Amino acid sequence: MKLDVAVIAGIAVLSVGLACPAAAAADEDTIVLGAAVSLTGKYSIDGQNTRDGYDLAVRRVNEQGGVKVGGKSRKLKIVYYDDESTLARSAQLVERLINQDGVQFVLGPYSSGITKAIAPVTEKYRIPMIEANGADRALFANGYRYLFAVLNTSDSYLRPAINLAAEATHTAGGDPKSLKVGTVIENDDFCHDVRDGVVEEARKWGMHLVVDDKLPPELNDMSSALTKVKALKPDVLVVCGHAKGAVLAVRQVSEKRVDVPALALTQCDSAQIIEKFAKAAEFALCASQWDRTLSYSDRWFESAENYARIFEKEFHNPINYVSAESSAAVLVFVDAIERARSLDRDEVRDAIARTDLMTFFGPIQFDATGKNVAKSMVLYQVQNGKYKVVAPNKWANSTVIYPAPTWDQRP
Amino acid sequence: MGNLTLLSDAPVLNLQLLLDGILVGAVFALVAYGMALVWGVMKLINVAQGEFVLLGGYVVFFLVRAGMPPLPAVPIAAAVMAIVCWALYRVVIFRIVEKDLFTSILATFGLSILIQQLINQLYGSDVRTVESGLGSLFFAHGMVTVAEVKLVAFVGAGLLGALLVWFLRQHRLGQAIRATAQNTRAARILGVDTDRVYAATFAINGAICGAAGGLVAMTWTIHPYSGLSYTVRSFMIVVVAGLGNLAGVIASGAGLGVAENYAGFLLGAEYQTAFVFSLLVVILVGRNLWLMRQRKYLK
Numbered sequence: 001m002k003l004d005v006a007v008i009a010g011i012a013v014l015s016v017g018l019a020c021p022a023a024a025a026a027d028e029d030t031i032v033l034g035a036a037v038s039l040t041g042k043y044s045i046d047g048q049n050t051r052d053g054y055d056l057a058v059r060r061v062n063e064q065g066g067v068k069v070g071g072k073s074r075k076l077k078i079v080y081y082d083d084e085s086t087l088a089r090s091a092q093l094v095e096r097l098i099n100q101d102g103v104q105f106v107l108g109p110y111s112s113g114i115t116k117a118i119a120p121v122t123e124k125y126r127i128p129m130i131e132a133n134g135a136d137r138a139l140f141a142n143g144y145r146y147l148f149a150v151l152n153t154s155d156s157y158l159r160p161a162i163n164l165a166a167e168a169t170h171t172a173g174g175d176p177k178s179l180k181v182g183t184v185i186e187n188d189d190f191c192h193d194v195r196d197g198v199v200e201e202a203r204k205w206g207m208h209l210v211v212d213d214k215l216p217p218e219l220n221d222m223s224s225a226l227t228k229v230k231a232l233k234p235d236v237l238v239v240c241g242h243a244k245g246a247v248l249a250v251r252q253v254s255e256k257r258v259d260v261p262a263l264a265l266t267q268c269d270s271a272q273i274i275e276k277f278a279k280a281a282e283f284a285l286c287a288s289q290w291d292r293t294l295s296y297s298d299r300w301f302e303s304a305e306n307y308a309r310i311f312e313k314e315f316h317n318p319i320n321y322v323s324a325e326s327s328a329a330v331l332v333f334v335d336a337i338e339r340a341r342s343l344d345r346d347e348v349r350d351a352i353a354r355t356d357l358m359t360f361f362g363p364i365q366f367d368a369t370g371k372n373v374a375k376s377m378v379l380y381q382v383q384n385g386k387y388k389v390v391a392p393n394k395w396a397n398s399t400v401i402y403p404a405p406t407w408d409q410r411p
Numbered sequence: 412m413g414n415l416t417l418l419s420d421a422p423v424l425n426l427q428l429l430l431d432g433i434l435v436g437a438v439f440a441l442v443a444y445g446m447a448l449v450w451g452v453m454k455l456i457n458v459a460q461g462e463f464v465l466l467g468g469y470v471v472f473f474l475v476r477a478g479m480p481p482l483p484a485v486p487i488a489a490a491v492m493a494i495v496c497w498a499l500y501r502v503v504i505f506r507i508v509e510k511d512l513f514t515s516i517l518a519t520f521g522l523s524i525l526i527q528q529l530i531n532q533l534y535g536s537d538v539r540t541v542e543s544g545l546g547s548l549f550f551a552h553g554m555v556t557v558a559e560v561k562l563v564a565f566v567g568a569g570l571l572g573a574l575l576v577w578f579l580r581q582h583r584l585g586q587a588i589r590a591t592a593q594n595t596r597a598a599r600i601l602g603v604d605t606d607r608v609y610a611a612t613f614a615i616n617g618a619i620c621g622a623a624g625g626l627v628a629m630t631w632t633i634h635p636y637s638g639l640s641y642t643v644r645s646f647m648i649v650v651v652a653g654l655g656n657l658a659g660v661i662a663s664g665a666g667l668g669v670a671e672n673y674a675g676f677l678l679g680a681e682y683q684t685a686f687v688f689s690l691l692v693v694i695l696v697g698r699n700l701w702l703m704r705q706r707k708y709l710k
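Taken in order, these protein sequences are the chains called A and B.
Sequential numbering of the first sequence, starting at 1, is according to my numbering.
Sequential numbering of the second sequence, starting at 412, is according to my numbering.
Just so you know, these hints were derived from the structure itself, not from any lab.
This one's a predicted model, so the numbers in the text were calculated from it and none came from an experiment.
Where is the CB? At the ideal position from N, CA and C, for every residue including glycine.
Careful, some of the hints might be misleading.
Derived CB-CB ranges, DEER-like [unchecked claim]:
| # | chain 1 | residue 1 | chain 2 | residue 2 | range |
| --- | --- | --- | --- | --- | --- |
| 1 | A | Y144 | B | G697 | 48 to 56 Å |
| 2 | B | F520 | A | L87 | 16 to 24 Å |
| 3 | B | G478 | A | E312 | 25 to 33 Å |
EDC-like cross-link-like pairs, simulated, lysine to aspartate or glutamate; straight-line CA separation at most 20 Å [to be verified]:
| # | chain 1 | residue 1 | chain 2 | residue 2 |
| --- | --- | --- | --- | --- |
| 4 | B | K510 | B | D604 |
| 5 | A | K124 | A | E95 |
| 6 | A | K233 | B | D420 |
| 7 | A | K77 | A | E63 |
| 8 | A | K279 | B | E542 |
| 9 | A | K75 | A | D29 |
| 10 | A | K279 | B | E559 |
| 11 | B | K510 | B | D606 |
| 12 | A | K276 | B | D537 |
| 13 | A | K42 | B | D537 |
| 14 | A | K124 | A | D346 |
| 15 | A | K116 | A | D188 |
| 16 | A | K386 | A | E312 |
| 17 | A | K77 | A | E28 |
| 18 | A | K42 | A | D82 |
| 19 | A | K276 | B | E542 |
| 20 | A | K276 | B | E559 |
| 21 | A | K371 | A | D196 |
Short, incomplete list of chain A residues facing chain B, as computed with Cβ under 7 Å [unchecked claim]:
| # | residue |
| --- | --- |
| 22 | I45 |
| 23 | L215 |
| 24 | K244 |
With the hints as extra help, turn the sequences into a complete structure.
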């Protein structure tokens with residue numbers, strides 16, 4: 001009997017301990033941000049990258065004196081939960097962050113889907129959320145007032161690829177109208193958006209869409225779509241399917257020797273196509289939110305390159321854009337709170353809406369729907385086993401090779 | 412419709428679709444044969460089949476990363492998975508054999524989630540793939556290409572299937588497995604140690620999955636959550652082909668592969684899976700009608 005009581009008491013103590021990780025919320029000298037990110041489940045890698053980005057920015061801001069509100073410096077702190085990569089869990093956890101842990105401000109999760117699941121919650125409690133990893137355009141069509149995103153929306157990912165092909169054709173004396181475009185995408189919101197952006201851009205130039213295939217998420221093979229590509233010969237082939245899609249595309253395009261003048265992909269860097277395939281990945285175009293070579297700078301990290309160096313020293317991992325954009329979200333909070341001179345969430349919300357900030361990640365300015373309209377995407381091309389920035393022109397450190405040589409011409 | 416005209420304009424594309432389908436189907440058939448074996452002998456539907464395939468893939472991945480050439484790593488993956496599955500039988504599976512089907516489905520479903528999460532925790536959710544270092548073969552002025560690794564997978568699957576048939580027919584343990592599949596009680600009365608037979612069957616299935624997983628890692632990609640598609644496809648193949656019918660399994664595996672490729676080409680990839688499942692329904696309904704006719708005839 002005594003043992004039972006002891007066990008129950010122990011469990012009670014433990015569960016109280018587990019339920020209140022944010023006892024510091026009441027501390028006057030700290031500003032507590034809340035975040036539910038995916039530390040387990042299918043997004044665990046990118047969830048961890050998100051967390052690393054948040055942590056690095058918080059550490060840096062605190063080292064430099066914290067956030068100045070009303071003449072007083074306050075330290076930042078983040079309360080984390082693991083949403084297990086599931087939608088329902090993430091919404092519950094954000095509710096818990098707000099109601100039980102009393103956080104005033106929320107940092108976004110990883111992925112558009114999960115951001116969609118929690119935006120109604122932060123909206124309901126009127127808690128400002130700055131997210132860095134939900135790029136779906138649909139997020140900004142709901143009239144949310146408390147949602148802000150530092151990254152470019154997904155429709156802008158591969159627009160530059162179409163423009164590059166059109167401009168290169170024009171320069172070579174050809175007619176961009178004669179170009180054909182093919183899209184092979186995974187059937188999810190993000191990739192649909194990427195495709196819609198590409199199709200809109202192609203229409204502007206008067207190009208034709210000849211292949212338009214949507215792969216189910218569990219599909220592990222795009223042979224039949226590529227057979228079609230081989231027959232219909234599009235000039236630009238756009239493949240979107242997250243890391244898996246990028247890996248499959250590079251492998252099967254090279255195996256089947258599909259000759260396309262431009263192969264444009266998303267998430268090449270997290271797919272590590274250069275490391276995995278070396279030569280077969282040559283000439284692929286890849287969309288990225290950010291690159292360390294860009295000449296952006298700010299007062300916290302100085303330059304993009306310096307951010308990358310600090311990150312790699314801290315985490316012993318190569319830099320990735322997921323962490324960079326996540327750090328930027330923290331910086332926007334810091335800037336807005338300082339300008340608002342208050343921790344009142346509505347005042348902070350208004351200050352965020354008025355943001356005009358340069359960061360190592362790029363310029364940040366929100367439109368009425370909350371998305372960042374100041375920054376543009378970067379397009380890489382794999383050249384000699386390295387990612388080279390080929391667009392936008394302002395930051396290009398190499399010229400695009402278009403059309404890519406056919407497989408017969410490659411060594 | 413445009414795609415249909417394309418096929419008649421360039422008939423050589425048919426060859427490409429057929430080849431892709433058959434080569435892909437062979438690997439699925441291999442996995443399905445393992446599932447049929449376990450199902451037939453142990454009366455157990457192994458929902459974790461796809462995860463066993465993945466584990467095999469990961470073994471090959473890590474062996475290759477440690478400096479081993481990819482092809483010799485495949486038999487090692489088979490051996491490792493045989494041991495893993497034997498151990499799994501001794502720890503978990505023996506408790507659910509001869510229980511009702513619902514219990515076994517639930518238990519192996521739990522096992523599949525456990526394996527997924529373990530892989531994810533230990534190795535992360537990155538997409539992995541193994542470079543076989545093989546090239547491609549070309550026919551018809553480059554219009555038809557066959558990746559050599561797919562050919563290797565096809566031949567490997569064929570050899571393994573043949574080896575299995577020989578084993579089940581000629582080897583003493585194989586005969587015991589067949590006897591158990593036919594009638595467990597009778598086999599036991601005649602002195603067959605069915606517990607040992609079950610353990611061996613499960614280990615053989617592990618070896619099959621391990622080898623198939625290695626081939627999958629070289630042909631496509633592996634990541635912790637891609638197992639389900641292999642489970643579902645093997646289940647489908649077994650349902651169509653029936654238990655203990657290797658020729659049927661190969662035929663329905665290849666048929667599934669070809670049907671998928673044609674559906675993907677003609678209807679677009681978004682309808683590929685839907686088409687194949689609709690086909691399954693048609694086959695099952697058709698077969699049921701045919702059986703009903705036979706029953707009537709018997710009456």
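Inset, instruction - Would you mind confirming whether the straight-line C-alpha gap from K233(A) to D420(B) stays at or under 20 Å? - result: With Cα atoms ~15 Å apart, K233(A) and D420(B) stay inside 20 Å; holds.
Inset, instruction - Sort out whether E63(A) lies within 20 Å of K77(A), counting only the CA atoms. - result: Since the Cα atoms of K77(A) and E63(A) sit roughly 12 Å apart, the hinted pair holds (cutoff 20 Å).
Legend entry - 20 Å Cα cutoff - pair K279(A), E559(B): Status holds; Cα separation ~18 Å.
Legend entry - Straight-line alpha-carbon gap K386(A) to E312(A), limit 20 Å: holds (18 Å)
Legend entry - Pair hint outcome, K124(A) versus D346(A) [Cα-Cα no greater than 20 Å]: Cα-Cα ~13 Å, so holds.
Inset, instruction - Report holds or violated for the interface hint on I45(A), using the least CB-CB distance to chain B and a cut-off of 7 Å. - result: holds (5 Å)
Inset, instruction - Answer holds if the nearest beta-carbon of chain B is closer than 7 Å to that of K244(A); otherwise answer violated. - result: With a minimum Cβ separation of about 5 Å from chain B (threshold 7 Å), the hint on K244(A) holds.
Inset, instruction - With a cut-off of 20 Å on the C-alpha distance, tell me whether K279(A) and E542(B) pass. - result: With Cα atoms ~12 Å apart, K279(A) and E542(B) stay inside 20 Å; holds.
Legend entry - Range hint compliance [Cβ, G478(B) to E312(A), 25 to 33 Å]: Roughly 26 Å apart at Cβ, these two residues keep to the hinted range, so it holds.
Legend entry - Satisfaction of hint between D188(A) and K116(A), Cα-Cα up to 20 Å: holds (13 Å)
Legend entry - Holds or violated: K276(A) to E559(B), with C-alpha atoms at most 20 Å apart: holds (18 Å)
Inset, instruction - Look at the Cβ atoms of Y144(A) and G697(B) and judge whether their distance stays inside 48 to 56 Å. - result: Because 51 Å falls inside the window, the suggested range holds.
Checked against the numbered hints given earlier, the structure satisfies every one of them.
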